[in-house]
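Asks: What follows is each chain in one-letter form.
Protein chains: 2
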Amino acid sequence: MPRQMNLGAFLMATGHHVAAWRHPDVPADPLDFATYKRTAQIAEAACFDALFVADSVAAPSDPLASHSARSVYFEPLTLLSALSAVTERIGLIATATTSYNEPYHVARKFASLDHLSAGRAGWNLVTSDAAAEAGNFGRQTHIPHAERYARAREFQQVVQGLWDSWADDAFVRDKASGLFHHPQAVRTLDHVGEHFRVKGPLNVARSPQGRPVLVQAGSSETGRELAAQSAEVVFTAQPSLARAQAFYADLKGRLARHGRDEQSLKIMPGVFVVVGQSQAQAEDKYEQFQALVDPRVGVGLLGRMLGNFDLSGYPLDSPLPALPPTEDGQRSRQQLLTELAGNEQLTLAQLGRRIAGGRGHYSLVGTPTQIADELQAWFEGGGADGFNVLVPHLPLGLEDFAVQVVPELQRRGLFRRQYQGHTLREHLGLQRPANPYFAERGQP
Amino acid sequence: MPRQMNLGAFLMATGHHVAAWRHPDVPADPLDFATYKRTAQIAEAACFDALFVADSVAAPSDPLASHSARSVYFEPLTLLSALSAVTERIGLIATATTSYNEPYHVARKFASLDHLSAGRAGWNLVTSDAAAEAGNFGRQTHIPHAERYARAREFQQVVQGLWDSWADDAFVRDKASGLFHHPQAVRTLDHVGEHFRVKGPLNVARSPQGRPVLVQAGSSETGRELAAQSAEVVFTAQPSLARAQAFYADLKGRLARHGRDEQSLKIMPGVFVVVGQSQAQAEDKYEQFQALVDPRVGVGLLGRMLGNFDLSGYPLDSPLPALPPTEDGQRSRQQLLTELAGNEQLTLAQLGRRIAGGRGHYSLVGTPTQIADELQAWFEGGGADGFNVLVPHLPLGLEDFAVQVVPELQRRGLFRRQYQGHTLREHLGLQRPANPYFAERGQP
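Line by line, the protein sequences give chains A and B.
Residue numbers for the first sequence follow UniProt numbering, so the first one is 1 and each next one is one higher.
Residue numbers for the second sequence follow UniProt numbering, so the first one is 1 and each next one is one higher.
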């Protein structure tokens, strides 16, 4: 079989377009589980590798928040746990920050989800996303970038150690003798580090995947190094094939130094997709959403994407003002958008409108054939192992992709027609990690 | 309609009897979601008010842990979220400790579960349960009892404040004007206290129940005062009707001082139930489990119940040694068991065997009529508003109760034949709390 593309369905309540909720076809309640369930089932019927859920541990506070559907949403682990019970095969990737969590809780929740879903859990490790988060966890100011990453690295090591608390074959459950688990098949972690002291063991057995799949999205130098060291999937925003190729080559090139081969890390750029039967129909569909963008709301979103700057004081037709580098974990996105504004001489309102759908991700508005051509070019041209698919509105935008684009990818032999494996690791072609602490016991 | 009894189904992987997993009829995998799903559906078919899940944030470390099925289990919020998707009406009560959590996370997860389940979430607030937990969260020693409760009180206030971040009618979702929520219908909490600084608002809308139901289990003086101040359901272990009556009268008597009426707090003692068609058959069923108790395992469980003491050094036929008062949040249970041992002159092995099923909860081993008689006597005699039902093995022990005892209670007019309401509050007869910060806006 030729190399297969991986596809993630990036969930966001009403869809990724900031004005999606205003469209007559879109259920506008971000806390309606039925809509998520329908979306998940559409993605699973199309054999997507995974559902992906972003997160923030604060409500947006910009003045235009009242005009977007982004203020309230489900907590990702509870949402994906619920979806695990109404799906069978699709992976479930939730975001959780290392900046305002405890590693024991995070290790436990993802291991629990991996058991609930029979091996479909993934953890998108992020450092943090909004200065507002600090205030909800007893801090006056945000943790600086470098310290955030140092904490993230240690956090990840503790989580991984906790996931390896138990041998895979620890639980004999011998009813006759009364021995439930081998006493030697569990270990305390006894971690003592710069940021954490964690004794262990975890109170969850080693999970079906050994460890839930580790996903990262940081694109800064520090973020890339952390990803090269430990990530198994990287999501990223890349504005062109050339940039995607450079990122792909750079990140894959770092793996050998960490003793890893290129297959152990999958790179999946985000791609914003609007599908139509003709180019004109696709553009018309896209314009329906664009026409609903209140320019002030577009600029509000822009401010958030740049790293939580309030741009409401600037005239809508002014150019993007010079901004200091953000400390908010959005530095790569800030750079990308600043370049875009400069290259195309966009006003604030124009830039806000431009990112209203894909938020800086590569955008494809066209026919199934055109979209498949582009995805294939990236996939075969060293730009991507797969894609995290953003659609303007949910669930219908995903249905468009599932019903029109996926079959075209399947005809070309680029994407599965049915699931071959049962776990997220199997979908992604990632090995199940052995437990280094119990190697001599063997794996089940 | 006469006053109705409330019933909780206390879930525990293989059942409450410490040797349940050894029984041939019992699925012995504590991480099998299918068993939980079946159990939940049995409870819902019998119209139980709620499922209840206990918790600890540490694996047991006593030497006999290898001989019990209690070392690994699902994290409660992920488990109940998954169960929310495969049930329709039954309440979902999860335990979460205030000692090693952040209020923002706890508020958020329970609000999210309340939305996922359309109003069925409950939070069992505990202070903590095992010294081993401290070591997983950067502490060398456990937080002392008094400080734990002070923290718990402030924690609960912060969570409640966060649950009230949004007016019930905040979200207008006006597609025409583009207004998603009223800008004035959200408030920051700006809490600054002894233990926490939390800005808010919560990034989850006010939930279907207004606030998830608040459950507590502490029976100490401090625990009772906290319950009288804020709890809506209290679980408790009471060894006799007389003691249950005293507890009930004491706790209900405290409510007026906090401006609350007696209906605003439901008291639900735990009751361990083994059902048979005849007394002899019930006793025989119970003995099948008792015969599977390894005495060392019984004593290991006893040590945990007394507050995490290692009793493995004492001879099995010695009396219970004098122990210092535990600091482990089990002080009431310790007192209860110490009295039991003294009154009946039990050896360690005998006491361990005695608690192997109900762990100090009131035990009923008999016919449906006998069991219904006792429950009715407690319910009508001022000892209980309902019961948290513990069964030796799951799912079959609960099925016994559902199929044999519930119909007897229904015949007597003591328990619903079908759900009247949709939310946990409605099942329990608890009012939906108004949002004090947005009273002038009215409720939906």
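Treat the hints with care, as some may be off.
[Unchecked claim] List of simulated lysine-lysine pairs, DSS-like, C-alpha gap at most 27 Å:
#	chain 1	residue 1	chain 2	residue 2
1	B	LYS285	A	LYS37
2	A	LYS252	A	LYS37
3	B	LYS37	B	LYS252
4	A	LYS285	B	LYS175
[What the hints assert, rightly or not] The following label-pair restraints were derived from C-beta to C-beta distances:
#	chain 1	residue 1	chain 2	residue 2	range
5	B	GLN420	A	MET1	32 to 38 Å
6	A	ARG432	B	PRO407	46 to 52 Å
7	A	ARG254	B	TYR419	55 to 61 Å
8	B	VAL172	A	LEU323	28 to 34 Å
9	A	SER220	B	HIS258	49 to 55 Å
10	A	SER264	B	TYR314	37 to 43 Å
11	A	ARG139	B	PRO407	34 to 40 Å
[To be verified] Reference listing, derived: stretches of chain B covered by chain A, where coverage requires no fewer than 3 residues with Cβ under 8 Å from a Cβ of chain A:
#	stretch
12	87 to 99
13	185 to 198
Everything labelled a hint here was simulated from the structure, so no lab data went into it.
In this text, a Cβ means the ideal position worked out from N, Cα and C, and glycines have one as well.
Asks: Determine for every hint whether it applies to the structure shown.
Replies: Cross-check of the supplied hints:
no.: 1; hint: LYS285(B) - LYS37(A); in the structure: violated, 42 Å
no.: 2; hint: LYS252(A) - LYS37(A); in the structure: violated, 35 Å
no.: 3; hint: LYS37(B) - LYS252(B); in the structure: violated, 35 Å
no.: 4; hint: LYS285(A) - LYS175(B); in the structure: holds, 17 Å
no.: 5; hint: GLN420(B) - MET1(A): 32 to 38 Å; in the structure: violated, 56 Å
no.: 6; hint: ARG432(A) - PRO407(B): 46 to 52 Å; in the structure: holds, 48 Å
no.: 7; hint: ARG254(A) - TYR419(B): 55 to 61 Å; in the structure: holds, 57 Å
no.: 8; hint: VAL172(B) - LEU323(A): 28 to 34 Å; in the structure: holds, 33 Å
no.: 9; hint: SER220(A) - HIS258(B): 49 to 55 Å; in the structure: holds, 52 Å
no.: 10; hint: SER264(A) - TYR314(B): 37 to 43 Å; in the structure: violated, 52 Å
no.: 11; hint: ARG139(A) - PRO407(B): 34 to 40 Å; in the structure: violated, 56 Å
no.: 12; hint: 87 to 99; in the structure: violated (count 0)
no.: 13; hint: 185 to 198; in the structure: holds (count 4)
In summary, the structure is inconsistent with hints 1, 2, 3, 5, 10, 11, 12 from the numbered list given earlier, while agreeing with the others.
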